[in-house]
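J.: Here is how the chains run, residue by residue.
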Amino acid sequence: MANSYALSSQYTPWPMLRAQWKDIGLDNLAHAIDSQITLAKVYNTTQILDTIHWLEILNEENPECALALASRLNIVLSRVDLESFGRWILTGLRMYPRDHDRQLAYFQLDDPQALQALNNEAGEGSLLAALPSLRLLLHGLAGKELELQQQHQSSLYGLPLRPVLTLKNLLIPDDYTHLDGLDRYRLYRAAIAHAVAHLRYSEPSLPVQTLKPMGIAVISAIEDARVERLLKLDYPGVEGWFLEFLRRGVKPQELSFAALIGRMNLALMDTHYQDDNYWVDKARRLFETKENDLHDYGAFREIASILANDLGQMRVPFHITHYTVPESYRDDNSFLWDFTSTNNPLPEPISLQIKGPAKQEKQGEKTTRPDETTEKVCTKEIALSRHFYPEWDYKLSLMRNDWCTVIEKIPSQLARHSLNNRNKSDVKDISLLRIRNKCRTRLLRRQWEGDDIDINVAIAVMVDKRQGLSPDPRLFLRRKSEEQVSSTIVLLDLSESTNDIVGIRMESILDIEKNAALLLVQSLVKSEDRIAVHGFSSNTRVEVNYYRLLEFGTTLDMNATEMIRSVPGRYSTRMGAALRHATSHLKLEKTNHHSILLITDGAPADVDIYDTNYLIEDASAAVQECKKSGVRIFCLVLNPQADSYVKKIFGQHNYRIVDNPISLPKQLASIYQQLVSSSN
Amino acid sequence: MTQKLDVYRLRAEPFYRPSGNEITLYEHAYRHRLPLILKGPTGCGKTRFIEYMAWKLDRPLVTLACNEDMTSSDLIGRYLLDAQGTAWHDGPLTLAVRYGGICYLDEVVEARQDTTVVIHPLTDSRRILPLDKKGEVIHAHPDFQLVVSYNPGYQSQSKDMKPSTRQRFAALKFDYPDPKLEATIVAHEASVTFDLAERLVGIATRSRALKNHGIDEGISTRMLIYAGVLIGSGVDPRESCDMTMTCAITDDPDITKALQGFVEAYFV
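Chains L and B supply the protein sequences, listed in that same order. According to numbering that gives the first Met the number 0, numbering within the first sequence proceeds without interruption in unit steps and concludes at 679. According to numbering that gives the first Met the number 0, numbering within the second sequence proceeds without interruption in unit steps and concludes at 267.
Hints are not guaranteed to be accurate.
[As the list claims (entries may be wrong)] Cβ-Cβ distance ranges computed for the label pairs, FRET-style:
id : chain 1 : residue 1 : chain 2 : residue 2 : range
1  : B       : N20       : L       : T209      : 53 to 63 Å
2  : L       : K647      : B       : P162      : 36 to 46 Å
3  : B       : N66       : L       : D642      : 14 to 24 Å
4  : B       : Q112      : L       : S628      : 49 to 59 Å
5  : L       : G311      : B       : V234      : 20 to 30 Å
6  : B       : V234      : L       : D292      : 29 to 39 Å
In case anyone wonders, no lab produced these hints; they're calculated from the structure. The beta carbon of each residue, even a glycine, is placed where N, CA and C say it ideally should be.
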């Protein structure tokens, strides 16, 4: 799962770092941090490490500022979250570049702008919080699925990041400060619309050939304007989305390359904008001559070549290492170019965006909690029993009997002990989800009393009376909850990938799964419905680990909670065998309705299977077998790109893609309610 | 006797624009009196289609909206009391069977499966309706046809038709019309300009891409018509869309925000 929050990965633990700092004379900084953290007592390990990470970077650039900030840590952190904290630091450095005194005043909070920036950051939603709705917006506007990810800025003095677009991904920077726009959601939205414009109308990866960097930048800017104009024809409202930021960034008096490009960009979109620069005016005139041929890429490329040539004639300096696309919502245009086909050696950066001196987080790289790096889960588990299940080989159309070995286990005591300490505080944070009264009502006829009169019985009563017979007086209808109860297994995918950290609260997928299951179970304490929580992972067909974390009919006491909390995420996802085994447990239930609610984060896979379709086909076969046994299966999948395989496995109406992992508990409760209320 | 169904006749031609050859297919099915399932997403025009066909074929249309409290008596009829004693009153299905109308059971899967089995003898070669309580067997009028509708998009497994019921029907699949046609329909029904209707359809198309990503169904043609009607009466387009589409279709804040993004992409 993608949304790794890069900050918290791979830090040195604070006690070790503190010792190192003391060795290199950073005693004061360490002391300042200690005193602030000790005073507050409200920060968890992750927050402390992320904060220290920012201070460490700032210290490398400007120790005096770092010390000043460390001494005021509590004031700052009481107003903003960690994501905003990083942006607030960047704002100060970008607001006063190379002005040490003003930077110091900013971090000492003596500068009114510092407080203003703090308030602005505090007032705005974070990118992580906005990602779920932005994903849907991107999906809808683009008409296809793209992965939307956060792009992390880890350099304080690097150029501001710009979005990066590929055919399958859009990376949105997390370093937009209030200097870029007061309402960041509008900025993200404009970035999405611009990306959609490229996806719809730009030819990707054109060969650079002999183009010079300045030419590439001008052609890219003209292409940006062309595709935005085209998108405006489709979505008239997006003009306002773009103009807000085109106007914000423009510098009317400046004659640098970036300023001229910015002025041109605004002139090409805003008909009311007046610019007295000859080159900008020429760009606008040339562009307008082709206004009716917006689909003619070649014509606009010619215009761009003329304009680039003019800039060369004007001796406008262009430094690729200092240039970034002027508008913060526009992507870095690496989408448009294929730099590998050029015969000429290129300037250092492949994209037009300079990444800054500091290291960039590798996209898609898994992040783990810092405290997890030192904590190894004990793998000595107790195997309770072994069960053999068939597996469907779709290539041979053969059901291989007794092919998979499901081993029922309980998590190790050591893992339970260590994890118990870590998660103790989380337990009390769980608030009960309110499962609404199930609408599984049935109309009971022939009642002594009730809400309505049964017209058929009433007539029969009257007929009997007229005939002098003794009528049955039970002529009422009454609604009553159905007495039938259901049994549901919440089946958790416990594969390695569930350890990925996601969301603004920096939880692993596994923790989110567990929390959702715990919430659901707690909300059903007073219900007659029976629920169990099981989990599975697999390490080839001979070891499909299966954990009965909470059995049917048992209460969710501390021991059971501990058991659920402690089970580790590892190995792979052999879904078919797990579903068959879960079904075998449900068959023992005496209730009327049996369901499996599977929570997973990816497609079935295992290390001994190389054909990606094999385990999908087997899982699909297992689902059909379960259905025949009267077990209903619904899958909640935490992977926005799961459409391709979940429908195949579970059928059209038996899955839901959870785009925002944080919403999993809510969605799990909602699906559970739907399942049990539609059982009659 | 056919005047008993006169009240069910459509007085004026309902507005309907075909999106394929559904009219021809229906006419063929009617010629052979094949029972029909109309299936498709909510608000895509299934009911309007059957109204149009009833008008075109000049047949009465007896419509019944199904629900889970419905009993077979609600379909076929019951004895009621009057001054003289008990008197049998035909239900809507019996009326259509007896006097020759098209009986349209809307959202048939909402009815309990044990209720809908009464239609079985009507939907095979027998074409009869036994009235057990009355001791009568009605042979269906030659003009009688049974049509049912349902929406496969959000029905759960338990609310599906029994295979034994389902296999008695031929099916016509409906979907939202292509954008141009849908805009024509919205423009006509809401009395708005084609350009405005096109924008509304654009929003709906975007929302339909989010199916299974938090919403079970996208914005329907009917919702677009509601939005168009409000805009036509002077309500701000964005407020109209919020009222009839965004707020109506979901309570989820993330989806709401995304849908509002679609609206704002089309309306400045």
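J.: Using the Cβ atoms, figure out if K647 of chain L sits within 36 to 46 Å of P162 of chain B.
T.: 22 Å Cβ-Cβ, so the 36 to 46 Å window is violated.
J.: Is 49 to 59 Å respected by the C-beta to C-beta distance linking Q112 of chain B and S628 of chain L?
T.: Given about 20 Å between the Cβ atoms, the range is violated.
J.: Look at the Cβ atoms of G311 of chain L and V234 of chain B and judge whether their distance stays inside 20 to 30 Å.
T.: Given a distance of about 54 Å, which is not inside 20 to 30 Å, the answer is violated.
J.: Does 14 to 24 Å hold as the CB distance between N66 of chain B and D642 of chain L, or does it fail?
T.: violated (33 Å)
J.: Looking only at beta-carbon atoms, does the pair V234 of chain B, D292 of chain L fall within the given range of 29 to 39 Å?
T.: holds (38 Å)
J.: With 53 to 63 Å as the target window, see if N20 of chain B and T209 of chain L comply at their CB atoms.
T.: holds (56 Å)
Taken one by one, the earlier hints fail for this structure at numbers 2, 3, 4 and 5, listed in ascending order.
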